[in-house]
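Next come the chains, spelled out residue by residue.
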Amino acid sequence: MKKNGSLLKDAKEVARGWRWTHRPLVPRSVELPDTEPNDFPTAWARTSVGRAARAALQAYALKPLIDYEVKPRVEGLDVLDGLRAPVIFIANHSSHLDAPLVLTSLPPAWRERTATGAAADYFFDVWWRAAATALVFNAFPVERSGGKGRATNLAGVMIREGWNLLVFPEGTRSKDGWVRDFRMGAARLAVDHDISVVPVALRGTYQAMPRGAAWPAKGRKPVTVRFGRALYPRTGEAAADLNQRMRAGLALTLSEDRTTWWDAIRNGHEDEASGPQVARWRRVWEASTPMPVARRAFPQR
Amino acid sequence: MARPGFVLEVDERTPPLLFHYGEGFRLEKLPLGSRVVYPSEPLPGIRDVDALIEHALEHPENCEPLSALLKPGMKLTIAFDDISLPLPQMKTPDIRGRVMEHVLEKAARAGVDDVKIIAALSLHRRMTPAELKRAVGERVYRSFYPESLYNHDAEDKANLTFIGETEQGEEVEINKRAAESDLIVYVNINLVAMDGGHKSVPVGLASYRSVRHHHNVHTMMHSQSYMDPPSSALHQSTVRMGKLLAEHVKIFTIETTLNNDAFGGAAGFLQKREWEWSVRDQASFLATKRFTDRAPAHVKRKVFGKMYAPYGVTGVHAGETGAVHEKTLANVHRQQLVEVNGQADVLIAGLPYVGPYNVNSIMNPILVVCEGLGYFFNMYKGKPLVRPGGVMIMFHPVANEFHQIHHPSYVDFFEEVLVETTDPSAIESKYEQQFATDPWYIHLYRNSYAYHGVHPFYMWYWAAHAMDYLGDVIFVGGDRKTVSRLGFRTATTLGDALDMAAETVGTSPRVTAMKCPPLLLSDVR
Numbered sequence: 010m011k012k013n014g015s016l017l018k019d020a021k022e023v024a025r026g027w028r029w030t031h032r033p034l035v036p037r038s039v040e041l042p043d044t045e046p047n048d049f050p051t052a053w054a055r056t057s058v059g060r061a062a063r064a065a066l067q068a069y070a071l072k073p074l075i076d077y078e079v080k081p082r083v084e085g086l087d088v089l090d091g092l093r094a095p096v097i098f099i100a101n102h103s104s105h106l107d108a109p110l111v112l113t114s115l116p117p118a119w120r121e122r123t124a125t126g127a128a129a130d131y132f133f134d135v136w137w138r139a140a141a142t143a144l145v146f147n148a149f150p151v152e153r154s155g156g157k158g159r160a161t162n163l164a165g166v167m168i169r170e171g172w173n174l175l176v177f178p179e180g181t182r183s184k185d186g187w188v189r190d191f192r193m194g195a196a197r198l199a200v201d202h203d204i205s206v207v208p209v210a211l212r213g214t215y216q217a218m219p220r221g222a223a224w225p226a227k228g229r230k231p232v233t234v235r236f237g238r239a240l241y242p243r244t245g246e247a248a249a250d251l252n253q254r255m256r257a258g259l260a261l262t263l264s265e266d267r268t269t270w271w272d273a274i275r276n277g278h279e280d281e282a283s284g285p286q287v288a289r290w291r292r293v294w295e296a297s298t299p300m301p302v303a304r305r306a307f308p309q310r
Numbered sequence: 002m003a004r005p006g007f008v009l010e011v012d013e014r015t016p017p018l019l020f021h022y023g024e025g026f027r028l029e030k031l032p033l034g035s036r037v038v039y040p041s042e043p044l045p046g047i048r049d050v051d052a053l054i055e056h057a058l059e060h061p062e063n064c065e066p067l068s069a070l071l072k073p074g075m076k077l078t079i080a081f082d083d084i085s086l087p088l089p090q091m092k093t094p095d096i097r098g099r100v101m102e103h104v105l106e107k108a109a110r111a112g113v114d115d116v117k118i119i120a121a122l123s124l125h126r127r128m129t130p131a132e133l134k135r136a137v138g139e140r141v142y143r144s145f146y147p148e149s150l151y152n153h154d155a156e157d158k159a160n161l162t163f164i165g166e167t168e169q170g171e172e173v174e175i176n177k178r179a180a181e182s183d184l185i186v187y188v189n190i191n192l193v194a195m196d197g198g199h200k201s202v203p204v205g206l207a208s209y210r211s212v213r214h215h216h217n218v219h220t221m222m223h224s225q226s227y228m229d230p231p232s233s234a235l236h237q238s239t240v241r242m243g244k245l246l247a248e249h250v251k252i253f254t255i256e257t258t259l260n261n262d263a264f265g266g267a268a269g270f271l272q273k274r275e276w277e278w279s280v281r282d283q284a285s286f287l288a289t290k291r292f293t294d295r296a297p298a299h300v301k302r303k304v305f306g307k308m309y310a311p312y313g314v315t316g317v318h319a320g321e322t323g324a325v326h327e328k329t330l331a332n333v334h335r336q337q338l339v340e341v342n343g344q345a346d347v348l349i350a351g352l353p354y355v356g357p358y359n360v361n362s363i364m365n366p367i368l369v370v371c372e373g374l375g376y377f378f379n380m381y382k383g384k385p386l387v388r389p390g391g392v393m394i395m396f397h398p399v400a401n402e403f404h405q406i407h408h409p410s411y412v413d414f415f416e417e418v419l420v421e422t423t424d425p426s427a428i429e430s431k432y433e434q435q436f437a438t439d440p441w442y443i444h445l446y447r448n449s450y451a452y453h454g455v456h457p458f459y460m461w462y463w464a465a466h467a468m469d470y471l472g473d474v475i476f477v478g479g480d481r482k483t484v485s486r487l488g489f490r491t492a493t494t495l496g497d498a499l500d501m502a503a504e505t506v507g508t509s510p511r512v513t514a515m516k517c518p519p520l521l522l523s524d525v526r
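Going down the list, the sequences are from chains A and B.
Residues in the first sequence are numbered consecutively from 10, following this note's numbering.
Residues in the second sequence are numbered consecutively from 2, following this note's numbering.
All clues stand as given, with none of them false.
List time: in silico PhoX-like cross-link candidates among lysine-lysine, alpha-carbon distance up to 25 Å:
1. A/Lys21 x B/Lys273
2. B/Lys107 x B/Lys72
3. B/Lys273 x A/Lys18
4. B/Lys30 x B/Lys273
5. B/Lys307 x B/Lys273
6. B/Lys72 x B/Lys117
7. B/Lys117 x B/Lys76
8. A/Lys227 x A/Lys184
9. B/Lys244 x B/Lys117
10. A/Lys18 x B/Lys301
11. B/Lys92 x B/Lys301
12. A/Lys18 x B/Lys30
13. B/Lys30 x A/Lys21
14. B/Lys134 x B/Lys117
15. B/Lys117 x B/Lys158
If you are wondering where the hints come from, they were derived from the structure by calculation, not from laboratory data.
Please build the complete structure, drawing on both the sequences and the hints.
In structure tokens form, the structure reads like this:
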């Protein structure tokens, strides 16, 4: 009989049932209550004190931690030379590693002026998570469920104040490692404020820390961060058209990282980003193929 | 705003679900795809209860205001529901006491001197002075106890009055003082749809001679369910009796309804939906589980007995019994009704530590059967949650333990009757009279704090419909020998129980669990 179970056994059962090391889940059949958009204030994280604290945290905690857990390779930073800030960095999204990787890959001068769009319902649900996200990533809340333009309003204000934005236009982490359709928010911002968009291709993060993982996999998986050629909104260009070009630009950058720049533009491998149209397991299988470890003639470390 | 009750479909995201297990608790993982019926959250309690009571007394249903009924020199009897309600007991001030104070205030102003207050306990055990004091409040207790505040005695032949017979030959015999009063004011707590209405006076103040006409196997088999009065032969019988009684004595009924706020403070997790448990709730559960696993039974009972519910009052209605009860039922339904589509093959329920007949006492095996197959099974409107021939699985230790003072006839029922047969009809015809008229049981009922000798039979009849309807009954974690005596089966785990149920309902049954308490009434479509 279960009657006299030990405290340890009960605690284990509760820990497993309520996912102590993970975010708690809600059964699908349960209707979520209509929640008001989260108005957690983030302006404090962009004050001089907040910036100084973040610079220290990113340089002396976040970057060493990323370097310890994965093996990052950063390419294409030269595209930032001569680029006029602010810009919008757009990246493919399949892992919690993505934002810290992009941020720590940026040169300090760019990093210090970059804010990250983070899902309001996920990162701003409780005060401590919201505060930590705002401080470390200079994050601002993005309402994923049609936030009545609130996120783009705040983002617009930040662009006017000269902040670069890092956004993930897919809106959520990919479930199979391939790039999903883009939402319109980032393109609309770029068109409205006439600023350039820099595609950032991330490879290997799905293998290193996919959805559901609480920590990067053991063994310092290789990951690459490749900055692609900046895209400028054309005169009179509609946001939807720019959005198409943004997606193509990101696909090209991903392809370039997988092959070479020459092969990528010659073969026009834009569609590879969304993966093969096959059974889900085969997409996951393909996406989770281990990345080859780049061999360098002159190792940097 | 209180969220209504609903039906959860268990998926891989669902945390383990909490089930009552007598004086303990279990976390259970239900099979994926199982449905779980959750009760509504507590409706907001009415803030100014005194104003509500006052309004009900002065603007009654189908009747003159109470103040117009009170005259100097009249005989006024106030009867009230006994210790079996509400469950768990409510925090003081008890709503019965609050209502009584208003009634007495008016009686005093009207110059009524002859007032008696009677605990309408029918064949239940007498209430102790402390229990009476808790129910009626210190002020009423001090003014009336013991001469004018006392327990009804269904075996005091000199103090019973035979009123007559209904058109169906049901004898109506009630407390003499009440029958000879100019006015009976009945103060009730309507916790579930079964309570109240004409079940108050004609049952609460009646004798065995009267009660036996509806507390029998035939009536119970035709009460489907007795939690749904229009479909209940039990209620039809009490209505007939009530109407006959109303021709002889004026009855002013006051009915009150409570919300679902059964567990407060650290026990609040018991009425929260599991996926919404905070860290504090999880810690409270672990601490409670530790306590219930380790503490001796009598200590647990003491602690649980002191856990008073912070109920809010959702309604007070007064006046003519039938009209009042309609409003009361609407209030009960507003709080407890949950729509459920379709019946299941297997019904799962965790039985809690308290039932109507073990307040400050022990839930013995017969009361466990009554709680599970009587009350829980019957918490439906329309049709049962489980299909005919289905299986009911319950969590309860079913310990072979009896309260020697409160339940003496239960011991003999368990030891002498159930060894012979568990068939309600056979038990009724062969043994009921013997137990009901046994002088020793009558003596204990009248002078000690024992339930009437016939009471265990009623508990068995209460479960008769479920016994007939179900294909199998399994107690998870129950004492094997005791459960076997009751005529049912035991399993160590829910998984084992479902395997056993497969013999009756196949290997992929539709499973529905009910999360109760707090109370819910399934409206099965």
